[in-house]
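2 protein chains.
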Amino acid sequence: MTAPVQRLSLNTKTTERWTLAEAVDGAARAGIPAVGLWRDRVQEAGVDRAAKLVRDAGLRVSSLCRGGFLTGPDPLPDNRRAIDEAATLGTGELVMVVGGMPAGSRDLVGARARVADGIAALVPYAAESGVRLALEPLHPMYVADRAVISTLGQALDLAAPHDAASVGVVVDTFHVWWDPVLGEQIERAGREGRLSSYQVCDWLVPIAADPLLSRGMMGEGHIDFATITREVAATGYLGDIEVEIFNADIWARPGDDVVATMIQRYAELVEPYL
Amino acid sequence: MTAPVQRLSLNTKTTERWTLAEAVDGAARAGIPAVGLWRDRVQEAGVDRAAKLVRDAGLRVSSLCRGGFLTGPDPLPDNRRAIDEAATLGTGELVMVVGGMPAGSRDLVGARARVADGIAALVPYAAESGVRLALEPLHPMYVADRAVISTLGQALDLAAPHDAASVGVVVDTFHVWWDPVLGEQIERAGREGRLSSYQVCDWLVPIAADPLLSRGMMGEGHIDFATITREVAATGYLGDIEVEIFNADIWARPGDDVVATMIQRYAELVEPYL
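Residue numbers (the working numbering), protein chains in the order written: chain A, 1 to 274; chain B, 1 to 274.
Don't take every hint at face value.
Which residues of chain B face chain A? A few of them, derived with a C-beta cut under 7 Å, are [what the hints assert, rightly or not]: (1) Asp56; (2) Ala57; (3) Ser129; (4) Val205.
Residues of chain A clear of chain B, computed beta-carbon distances all greater than 12 Å [as the list claims (entries may be wrong)]: (5) Glu44; (6) Pro102; (7) Gly110; (8) Arg112; (9) Phe225; (10) Ala260.
If you're looking for bench data, these hints aren't it; they were derived computationally from the structure. Using N, Cα and C, we set each Cβ at its ideal position, and we do this for glycine too.
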């Protein structure tokens, strides 16, 4: 490996068909030092075994995805389990997809209030466990069904009542690239010490028929990674850069090929601006 | 007609299969006093004949849709024609869908600058013609391909250098309902005298496979029309309320049925809050 990948992390969603063991092995073989884990792959492997697999391969866990869905019924027990899993896996960042609106609801303001209440209820347990709740603003097209937090500024406002060691925010280019005030909010996230995770993938046109699968490999779409990466770097962010791509075409390709392309695009479009 | 529809406007997109003459007739038969016109239907009929059709039916034109696409090649001639058409049709509001990013471009900031330049170039002609350029923020899911203006605040910033009689903004619930600062930006639009048009339709889940066709009849989705309508009314807005729905299922239904449902939902979900 000659590409500088010291801060690159393979999110298990990018190589969706790989088991956790395969993803860990694939990352290690490619010289990638970190993995971002989804709970489905972790639970298939078993949490303790997953932690051992990653440790034995000499990798670090950049984040665990995901807790959240705080607008649904009784969300706290599963979120406490997610906090436990993050701690066991040795990552300090639990990505939170906060949840959408209940079926039939028109109460967006109320849903946001439930999210705020849920975060407040989880903070003590997260703090005790050494895990930060990393609030992820999702693209506004998911506001009804997945996340009533749509902008980085809104995520920072929601985090504000809590200690920066316990509640952070995620910058995922796919979700926030359109935001006309993104630059100032990234700067704010840095100033407030809340930048938990930087995740990169591209925005494709047209949007996929299943909008969840519309994320593209860097370089295939319209996102200016140079500018956003410079803004993230200017905050002093020293964490990993995760590549998390939901895309049926990419999932159909052999994992090793996807990883190789990912490294090449990262080296060309992201790493130079760190 | 017993429902209070004095400010309701049928946008020709809602009854997509109707010709202009059929839409004018359908609105008049249902007691709806206004129509929002798309240029495709106007041009099929011929602009002068379209103006006469609407006038003879005793209707007003709430807006003409659309000018814009200012990020493409040579956009000014067609926009001047759109301004002429609006003037001929007797509407003071030309809805502007500002345009997306050129194929392969990653320069969102540059595209926005081109929009600002295009608006500035059109303002004198619009002012002379008594037509206002009504900037429509589109949902952020269209930022790459249709409109690099994604929020009401951003549209108001773009309008700010120009006289409020020449550059206004559109509030379309589908595009802006998710915005956590929507209420304050509607208030600002009113304060700055720029509220050109209020358009209503609902947000469906899941998003349609063709995201352009994901707009729903009021009451079918997650939008809180009571709150947004109250905010619009509080600005002193006295214009029409257009119903503009792109939806394959609605387009497949007989136009008169769609109009009847539209009146009923408007009377129940929108009109009481004006």
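Hints, one by one, checked against the model:
Nearest Cβ of chain A to the Cβ of Asp56(B): about 40 Å, over the 7 Å cut. The hint is violated. A least Cβ separation of about 35 Å between Ala57(B) and chain A goes past the 7 Å threshold, and the interface hint is therefore violated. Hint on Ser129(B) is violated. Least Cβ distance to chain A is approximately 29 Å, over the 7 Å limit. For Val205(B), the interface hint holds, since its Cβ comes within 7 Å of a Cβ in chain A; the closest pair sits about 5 Å apart.
Every CB of chain B is more than 12 Å from the CB of Glu44(A) (nearest about 27 Å), matching its label as outside the interface. Against chain B, the non-interface label of Pro102(A) is violated: not every CB pair exceeds 12 Å, the least being about 10 Å. Non-interface call for Gly110(A) relative to chain B: violated, since the shortest CB-CB distance, roughly 10 Å, does not exceed 12 Å. Distance check for Arg112(A) against chain B: the nearest CB is about 8 Å away, which does not clear 12 Å, and the non-interface claim fails.
For Phe225(A), the shortest C-beta to C-beta distance to chain B comes to about 8 Å, within the 12 Å cut-off, and the non-interface label is violated. Against the 12 Å criterion, Ala260(A) stays outside the reach of chain B, whose nearest CB is about 23 Å from its own CB.
Checked against the numbered hints above, the structure violates hints 1, 2, 3, 6, 7, 8 and 9; every other hint is satisfied.
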